[in-house]
Structure formats: structure tokens, C-alpha cells
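Asker: Residue numbers (this note's numbering), protein chains in the order written: chain H, 547 to 1119; chain U, 690 to 1118.
Since the hints were made in silico from the structure, they are not lab data.
Quantities reported herein were computed from a predicted structural model and do not represent experimental measurements.
One or more hints might be untrue.
Pair by pair, the computed Cβ-Cβ distance ranges are [stated by the list, open to error]:
(1) U:Ala1064 / H:Ile931: 55 to 61 Å
(2) U:Ala978 / H:Ile948: 57 to 63 Å
(3) U:Ser751 / H:Ile881: 49 to 55 Å
(4) H:Ile931 / U:Ser1048: 57 to 63 Å
Glycine residues also receive a C-beta, built at the ideal position from the N, C-alpha and C atoms.
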Amino acid sequence: MRVIVPISVGWTRLFSRWDLLATLLVLGLLVFLAEASRHLFEPLTSLQQQPLSLDPRNLPEYAARTTLRMLIAMVLSLIFTFTYATLAAKNKTAERILVPLLDILQSVPILGFISVTVVFFMALAPGRVLGAEFAAIFAIFTSQAWNMAFSFYQSLRTVPTELEEASRNFRLSPWMNFWRLDVPFAMPQLIWNMMMSMSGSWFFVVASEAISVGNTTVTLPGVGSYIALAIERQDMHAVYWAIATMLIVILIYDQVLFRPLVAWADRFRFEQEAGMLPPRSWVFDVLRQSRVIERMTQPFGTLWRRTMRSRPKQPAPAERPPRFDHARFAFQLGIVITALAAIALWQSVQFLITGITLSDVALTLLLGLATLARVVVLIAVASVIWVPIGVWIGTRPNAAVIAQPVAQFLAAFPANLLFPIAVSGIVAWKLNPDIWLSPLMILGTQWYILFNVIAGAAAIPTELRAAGANFHVRGWLWWRRIALPAVMPYYVTGAITASGGSWNASIVAEVASWGNEHLQAAGLGAYIAQQTDAGDFHRIVLGIVVMSLFVVVINRLFWRPLYFYAERKFRLG
Amino acid sequence: MNALLDIHELRQTFPRADGGELLVLDGVELTLNLGQIVGLLGRTGSGKSTLLRLIAGLAQPSGGTVTYLGEEVHAPAAGIAMVFQGFALFPWLTVLENVQLGLEALGLPEAEIRKRALAAIDLIGLDGYESAFPRELSGGMRQRVGFARALVVHPNILLMDEPFSALDVLTAETLRTDFLELWSDGKLPIKGVILVTHNIEEAVLMCDRILLFSSNPGRIISEIAVDLKQPRNRLDPQFHDLVERIYVAMTARTPTPLQIGTGPATTVNTVLPRVSANLMSGLLESLAAPPFNGRADLPVLADELALEADELFPVSDALQMFRFAEIEGGDIKLTDIGKQFVELGTDERKKLFQRQLLSYVPLAAHIRHVLQERANHAAPKSRFFDELEDYMSTDDAELTLRAVIGWGRYAESFAYDDDSGMFSLENPT
């Protein structure tokens, strides 16, 4: 299983001016949304047209609504991926701004911004419920889209040259080239990322269905709001029901959606790894063998192929086709982007100056350091636990067959469901929330370390392991010389994902409540959550900007160099 | 008009790291006439694949023109189809779907697409494999799909980019013979072929005309007409003479004044062949031993050692550069130093190797000199890399440094630590 690095490692310099422009653009967007929402905020009143019920019989309906939101977001993410990533990969000029932009965008902890977008979308939409739906879907979308786009972009850049030449030589139209070459080539990696996205977005679903900004509470019927209500009412039974529902929904997803997709996408794998059994899925087998399904889909297939056969207009012979003027386009694009960045800068400065003092900035930086300390310690602890376990599992194919799906399942399980249990424990034993709330941050993201280490350990060539055994390399020496170096590149990839996710999770994990019990740790995540409760848009933006800054700087200064080092030194084969 | 394709004054440059230009192809003149197979033969780096891509419209030339049936080629033209070295089949499409690809792009009706694809599959001997995926096929069968896919669009010109070089010897021979048979019988819907190859015998076996390319930059140094009747026989003395003639032409010194008997002048900025010291010793030993006893005909040597000309030339170049051997008239001959080298034991060999390296490979002497000058006896790789990049492409600079690092390590002239990217005079103790 190839794993994709969730940061842009294709850029050799630490920071370029394109990064600066991208940062300004994202900042401008945040400020724009916040500013717009601030003005729209006033007229809102509570929006609870139909009260939620904790009756478990409602859960199937809630689960269906939640699922629908996620699927719509997934479709939007795919559309975004196909357009944004394709533009970035095919147009050198656009690439220079789009890739850093994506890198910055994915560092923005959107979890803290859900409240802002809710207000924004509710004001935009005709009916308020629809607006809240938009906002929830948007939040889920932002948790899914970035890594899918990254994966697609990286796949497009690695399409084998000969295949590209063959496609051009046989004069495939751009449309046909896209569907016959680009998409199939990227498909296995994209599906793997869709699965990761889907897993990760559960976290956001739970957070985005029940939002309160200031005095306004927005509740959308769904599993997430059901859990929120259960926590508010301290109803442990309801929490268990919700957990059971999630388990079932995740299981259905796996069996009906992802397993068939993986089985189907197997044909698109470019290089076949020896000794790997092709993935199977009973749903896929049934679909493929069914005559009825074949009959039903055939007309669509024919129609689809017809769109590819539509012949592009031939340029008149002997006439040189007008060459695309890259320099001019780059110049124009540069002007537009610089202008946008300037506006963004102006707007941001104004926005921040009016509502924020220097001491606010100092405070957020300080709190950022507190959260940073948590992330560092947690990643270290998770590594110490999961690397040995991952290596153990990865080097035993039988264990891997069982453990891999379990780990995947655990990753999909939204960790915020366990918060009530943790909070009641902390309250009962009077533990220090500054320390004991922290593990919640990594609950959901630690699995990426485990996944990747398992994949890395499984990829150690049998010959290398045999050589180790032959020379009696055992114990600590074995770990130091064989296991750890071999899984290093994989581990780094997993740790990057885990660390990025933990920052985001801190917004939910540094504050937790159970009925009237409110626990809070000192940290940037708690700060953002607090300001959201207070409805202070200036400080929400400040918190998010500072957190993004932390994530970007750590990615550039620590993870990226580490990744390059591991890749160069330890990559096998 | 008989000419399918006319190439005039064709020039191709690539941008260099320092902003200058690297000349890859220069002054290429070529005409492809109706019913001909033209071979482009040259060493790696002679720009013959680049030329093929210019003809295919996959790249734009820096100067000169490619004219196909009276029209200049600027984009992939209808009627020019290509067979690729690595097959370039779409792994997610079946054999039939791969073959149909070009026809679908033409926008033909579905029934005709099917009819023509099946006919091509039939012609090229792929019957029964229609629904197989490329990964289920052997290399030979895969390249057959490559041929069928190209032929099915009924191109006027078929471009072949080393189509047999990824196949084993027997499979390649079968495929070549099948292709020539169909071509001679006029069963192929094509009017002319351009074949890129580094295999001299293959060129003589298949082509009506062979254009020999020099390296760095690629220029046509000679044109050889092959008048032998098809099917050709490798054992035919005329065939053998032609092969010999091409070997002589390809190992002839570049027409610049040089010191007599010592091979082309090497400077600090010469692209070095990436050949290991072990391979050099191996060839020296083979040359010294019977049946060659110090002197060998290059085609015979290649045959004996089961090396392709393309694999043999870099080694013989390196031996010539080190003054271990001389090449003349298609023969390679050991020098006295070369003979001496073979007689020595491991440590003495290293000493001799070091002497020759520092005397005749200026880059190695340069690196050693820089290291000795510096107080800490260390220098980063980038220092030399940047220097080289002003004269050659990034890839060549990397290969050249790798070659000199390999030799320097064998000769213990200097050490290199890949982790830190540092050259130094100290070997680890």
C-alpha cells in the first residue's frame, strides 16, 4: 500500500514568495468570512424547529441524514479534486500558487471555523435550515477535500511519460485523456485517500451538527447532534446507542461502499506487487455478475464512451496552432494574485487592528506553545506504543490480515464519542484537566502512525529479514539496524498526518463537557473554542491564524526535512 | 512526390541550469521515402529518441523543420503512430480496448472500431487474447499489442523507439521476423518506418538506410545504405562486413586534432561513462586472455561477452580514457599499461589505477587538488556539481560525478560520504 505524504514535499525551498501569497490569500478568505458573518450574526435567533429526541428509534433516520451529508460532501470533494488538482498539475503557472495554497488551506483548523461558516451560510441561504445544512456539508468538505486533491495532484505528476506520449501520439482529446489515463492511474491512491477522508470527517460531522455561536444554537438532526444532546442531558444510555449506531454505519460504509471500490480499483494498479492477493468484495462480485445491473448500466456506458469519441476540432492544416503564451499568462495571473493578496492584507490588518490588541497576540502564541507541547508529547507517546506493535503486526502477514481492518475501523470511529466517558472519569477522580484532557487530542489520529508502520514493516523484503535471521541479528540490534530504519519513511508519513490532525482536534479536545461539568485545559484549541462560545469573531480568526501558523511552520521546519531525510536514507528499493 | 517525411536543419536545445542552452541535436537532415525503413543508430545520449519525438510532434524543435506530406509538424499528426520501448500499454484496458484506443480518438462509429481492431489483432497474431489485460501477457505479446495499436489507425509512418530492446533475445528475434515478413508481403497498412535502435545487427537486419549519430550533440555522422535482400542472413559475409563497417564508424574518434593513439582528449568537463572499476578490470582480463590475447574485433568481443554494443562502448571508452586500451578500425587493443594492469595483484592494481585516474581523468585530478588545497581536506559535492552543470545537463553532471566517485573510491584517491554529500581525503578508519 503506497502512502501519500500529506504535505507538499515537492518544493525544495523552505518558504517561497508563493507561500507568502498563498498565506495572504487564505488569511483574506478567513477574514472575509468572519467579517461577513459578524454583520449577519445579529438577526439570528434560535433555530430549533423540531426538537431532537433521544429516543433510539430515531437513530436510523438521524444516521441516514448524517450519511447523506457526508456523501454530498464527498461528491463535492471529488469535483474539487478533479478540477483543482488537474489545473495545478497541468498548468505550470497555476501550479506555483495552487500547491502552496492547498498546503496552507489544509493547515487551517477548520474545526474552529465551523461556527463562522454556519453564520455565513445561513445568511446566504434562503431558508435557515438549508444554510445550516450547507455549513455542515462545507465543514465536512473541508475535512475531506485537501488530502484527496493532494493525492490526485501527486498522481497526475507521476503518470509515466511513455503513457502520456502514447496518449498524445494517438491524439486522445483532453477529455478522453483525463478519463482514460489520468483518472484510472490516480484511482487506487485516490480511493485510499477517500477512505481516510471519510474516516476523518466523522469527527467533523459530530462537531458540525450542533453548533452554538454566542447565544445562538443551531441543531441539525443527525447522529452528531444526538450525541451533543445526550452529553448535555448526561444520558449515558443514549451515548451507548449512538456508539452502536456509528459502529453499524461505519460497517455498512466499509462493506457497501469502500470494499467494492477497492476491489474495483485493483485493476488500475500500475505495478503489481508480487504475493499480494487481489482485494475481494462480495458486493462487488454480486454487482459484477448480475445481468440486471449489466443491462441497466450498459446504456450509460455507451453514452459515456460517446462523449470521448466526440472528435476535437482539427486546426486548419499548414497553420501553426496558436501557442499558449505562458509568459503573458503568468504575468497576468501574477498581477491578479498580487492584487488579491494586497486586498487580503489590507482587509486582514484592518480587521485585526480593530478587535485585537498585542497582548491578545502574545496570549495566543503562548497558548499555542502549550498546545504544541501537548502535541509533541502525545506523538512521542503514541510512537513509543504503536511503532513496536506496528512492526510486530507488519512482519506477521496473518496478524496483519486481522489487524489492518481493525485499525482502519478504529480510525474511522469518531473519537469525540468517547469524550463523555473521559470527562466523567476526570471529574470522578478529580484529575488535572491540563494533563488528562490531552490524550483525547490524539485518540483519533494515532491510528495513522499504526497504519503506516504496519505497511512499512510488511514491505520489508523477505530476503532482508532472512539475512537478519541468518546472521543472528536479534533484540535491540534487530530493531536498530533492520526494523526501525525500514519503517522510518512510513512512520514519518503517519506522524505528519497524526500531528496535523491533533492540532485540529485540540479545538474539541481541550474543552469537554458532560452535562453541567465543563472541563478546560490551557491551550490554543480551548482559546478558539471559548471565543466561539463568546461569538468574538476577531479572536476566533486570531486563534485560527496563529494555529495555522504553528502547523505550517512545524511542517516546513521539522516534518518536511525529516521526511526528505528518511526518504533518501531509508527508502528500500 | 516520393518523400513521406522531410527533415531540414533540425536543431534541438534544452535549457541548462545556468541559463545557457545545451545542444542535443544539430543540423539533422533526413528524408523518408515511400516503402523504406530508415534506422537511427547511435549511442545513448545521441538524441535519436529526441529526434523521434520531434517527428511524432510530441516536442517542438528549437530550429529547423519537420515536414510530413508537405505540411509542417507542430503537434501529433494523424498518420504518424508510434511503438514504444516500454510498450506504453494502458494496464487498466484489455488488449482489445488498448487496440481500440486510437480509433476511438478518431471518433469512428463503434461498429467500425470493432471491426478494424479485430482485424489488426488477427494480423499481428493476438487472436484469443482480446479480453486479456496487459499484465497477464509476456513481454513479447505485450509488444504485439503495441504494434497492433499503432497499425490499427492505418498510419502512413510507423515510428519505432527501440521496440525490441525490452525483450529477451529469442522473443525479439521472433517479433522482428514476423514484422519483416508482414512488411515484405505488403500486409501492413503503413508506407514507411523509422526505427530507433542501439543494436547494430538489428539495424542491418531491418533497415534500408541507416543513419549513424554522434553523441553530445547528436549529429548525423554517416549514412549507410543497406542493399541486401530481405530476408537477410546474419551469416552472410556481406552482412558481417556491414556490421563491421558500422562498428568502425561508431568507434572512430571525433574529428578534432588529438594526441596520437590516446583517444579523445578528456577535460574537466567531459561527460564520463558510468562504468565501474570492476567492469573495466573484467574486460581487461577477458581481452588479455585467449582467444583474444590482447586484441579483439569489437563485434566479436560483444558477441563473446553477450554484451550489446550499447553496453560495450562505455567500457571500451573508459579503458581508452585510462590508456589501458586503444581502439582503432573497430578493433580494441591492450596497451602496455593495460597488459601490466592484468598481471598485478589487487593492491598494485589500485595503485596503477590511481596513477592513470589522476593523470588522464582531469576531473578526478581536479577534485583531489581542491581537497589538498583546503585546510580541512573536505569539499561539498555541490561545489563540483555546479561547475559541471555549466557544461552539461543535470543528469549528465550527476552521472559524471557518480562515475568519478566510483573510480576515486576504488583507487582510494578520495572518499565521499553520501549522507553529508562531502568529498574528503580521509578514509574511514
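Asker: Does each hint hold? Answer for all of them.
Answerer: Now the hints, each set against the structure:
1. U:Ala1064 / H:Ile931: 55 to 61 Å: violated (49 Å)
2. U:Ala978 / H:Ile948: 57 to 63 Å: For H:Ile948 against U:Ala978, whose Cβ atoms are near 59 Å apart, the range 57 to 63 Å holds.
3. U:Ser751 / H:Ile881: 49 to 55 Å: For U:Ser751 and H:Ile881 the Cβ distance comes to about 30 Å; the hint is violated.
4. H:Ile931 / U:Ser1048: 57 to 63 Å: Check passed, 60 Å falls within 57 to 63 Å.
In this structure, the earlier hints numbered 1 and 3 are contradicted, and the remaining ones agree with it.
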